[in-house]
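So the chains spell out like this:
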Amino acid sequence: MEGIGEIITFYIISSIAVISAILVVTLRNIIHSVISLALLLVAVAGLYITLWAEFIALVQVLIYVGAVIVLFLFLIMLTYRISDKTIKQTNEQKSISFILSGLLLFLLITVLTRTSWNVTSTPEIANITSKIGNLLLTTYVFPFELISVVLLACLIGAIVIAKKEDKE
Amino acid sequence: MELLFNTQELITRIGIFLEGFCWNYNIPFFVLTIVIMLVVAGIIAGFVAINTMMLVLAERKVAAHMQDRLGPMRVGFHGILQTVADAIKLVLKENLMPQVADKVMFFLAPIIVFVPAMMAYVVIPWSPGVIVRDLNIGLLYLLGVSSIGTIGIIMAGWASGNKYSLLGGMRSAAQVVSYEVAMILSLLGVIMLAGSLKMGDIVAAQGNMWYIGYQPLGFLLYLIAATAECNRAPFDIPEAESELVAGFHTEYGGIKFAMFFLAEYANVFVVSSVCTTLFLGGWQGIPNLPITLPPILWFLIKTYAIVFVIMWLRWTYPRLRVDQLMTFGWKFLVPLGFINIFITGLMMVMKGV
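Taken in sequence, the protein lines are chains D and A.
Quick note: the first sequence uses our numbering, first residue 1, plus one each step.
Quick note: the second sequence uses our numbering, first residue 1, plus one each step.
Fair warning: there could be bad hints in the mix.
Keeping only pairs whose Cα atoms sit at most 27 Å apart, straight-line, the calculated DSS-like set for lysine-lysine is [said to hold, decoys possible]:
1) Lys103/A with Lys93/A
2) Lys331/A with Lys164/D
3) Lys61/A with Lys89/A
4) Lys351/A with Lys131/D
5) Lys163/D with Lys331/A
6) Lys331/A with Lys351/A
If you're looking for bench data, these hints aren't it; they were derived computationally from the structure.
Let the sequences and hints guide you as you build the complete structure.
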């Protein structure tokens with residue numbers, strides 16, 4: 001990360017990400033929250049681009065913004081009357097959630113500070129897509145397939161819940 | 001005239017001239033970069049506006065002649081200035097906002113639809129070397145960017161505070177998510193053959209044989225899915241006039257409505273140019289045909305031919321019902337997409353590519 005332009009870009013994108021993340025949990029209207037979540041995801045994709053990870057950035061936009069957020073909006077609009085009144089988005093379990101998120105923060109800080117990052121000044125950008133593809137189907141094929149099975153299980157579970165019960 | 005054929009050379013010469021200009025007058029290079037960015041953005045915006053006016057007129061004329069009518073005839077020769085007059089009228093109209101509308105979202109929605117449609121123009125290869133940025137992941141960029149526009153449509157539908165608009169937005173969400181899967185599957189065959197997501201590489205790989213020859217099924221699937229992605233008839237259920245007034249843009253008027261309109265026709269041009277690039281050899285001429293035209297002309301001829309086919313579809317098929325649309329997408333297009341990928345992979349293994 002060199003050059004004044006890159007640093008300015010980083011700070012602009014990061015502040016957009018932080019502000020929209022705060023908006024997601026504080027806005028009273030659930031549709032507004034979802035739109036802020038979309039903005040957050042786009043900003044994080046922008047951060048990936050400043051790190052030369054274009055492939056991850058665009059997959060993030062394609063899957064999270066293009067599909068997951070659209071599904072969120074779709075489901076919120078299908079839910080009876082959830083979108084036309086402002087609902088309180090917090091419940092009575094504030095203390096336990098503070099403890100849990102504090103633990104998560106501690107864990108993340110520990111991991112981030114203890115890892116020895118392999119920093120190079122000349123990032124390799126050519127043909128990164130085919131490298132990711134090759135690695136996924138050779139070295140990391142077992143975790144990749146495992147995640148696919150988990151996703152399949154989720155899909156089947158959703159279909160079982162959504163399926164109408166047969167009445168004898 | 002030579003330079004019209006060798007656009008690579010033209011771009012290089014412009015670059016050298018501008019660099020020299022900056023050296024002579026001590027202008028810092030980042031200023032040059034910013035000026036070039038703004039000029040290119042201006043050119044694209046101008047192209048989108050003019051292209052939309054032309055396509056709207058073309059659509060009305062195509063529709064009219066298919067139905068044995070004449071279409072717009074009053075303004076200019078054979079109505080050639082009709083859309084210019086319409087555009088001026090739209091710009092001058094009062095900006096109305098419904099009282100129950102969600103003000104911020106209502107204002108933002110047309111922008112969120114329009115901006116991604118413009119962003120897609122970054123990776124369109126017009127001619128050798130004439131491309132804003134030949135990204136390594138060009139095709140993925142295009143798919144990612146064009147998927148953002150849906151959120152704008154849903155926002156427009158919801159923010160209008162009108163049940164017809166809301167229904168239109170919901171239909172659009174369901175439709176776009178379903179047909180995006182089919183569209184990406186139909187493109188995978190080409191990506192497998194070219195071995196790259198870069199637009200320049202994909203065009204270069206079709207020197208001897210256009211990919212429509214290897215991927216006829218992929219071409220048809222893409223054309224259908226792309227028509228659905230643009231929300232055009234016969235897949236225009238988000239704005240079905242006979243059911244939903246005008247769907248998600250019922251409450252919009254004036255310049256905001258014009259932005260939805262611009263985005264729709266910008267998208268039609270983008271999907272057609274992607275079709276040209278991926279299946280019809282991009283800016284290259286027909287192989288073994290002794291006709292030399294400038295590459296940009298080849299590109300535009302092919303693209304507008306696809307645009308014509310998409311318009312033709314609109315005036316040929318009746319609109320699908322919502323359940324028919326879902327069944328067609330998931331039970332017909334998606335399985336065919338998988339079969340196409342399987343056959344492509346099998347052929348590549350057998351030929352030992």
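Q. Hey, Lys163/D versus Lys331/A, does the alpha-carbon distance stay inside 27 Å?
A. Holds: Lys163/D and Lys331/A sit about 18 Å apart, inside 27 Å.
Q. Is Lys351/A close enough to Lys131/D, meaning Cα to Cα at most 27 Å?
A. With Cα atoms ~23 Å apart, Lys351/A and Lys131/D stay inside 27 Å; holds.
Q.
What's the verdict on Lys331/A and Lys164/D, does the C-alpha distance respect the 27 Å limit or exceed it?
A. holds (20 Å)
(Q) Run the distance test for Lys103/A versus Lys93/A: straight-line Cα separation, threshold 27 Å. (A) holds (19 Å)
Q: Compare the distance between the alpha carbons of Lys331/A and Lys351/A with 27 Å, and conclude whether the hinted pair is satisfied.
A: Roughly 31 Å separates the two Cα atoms, so the pair is violated.
(Q) Checking one constraint from the list: CA of Lys61/A to CA of Lys89/A, max 27 Å. Satisfied? (A) Satisfied, since the Cα-Cα distance of roughly 20 Å is no more than 27 Å.
Hint compliance for this structure: hint 6 alone is broken.
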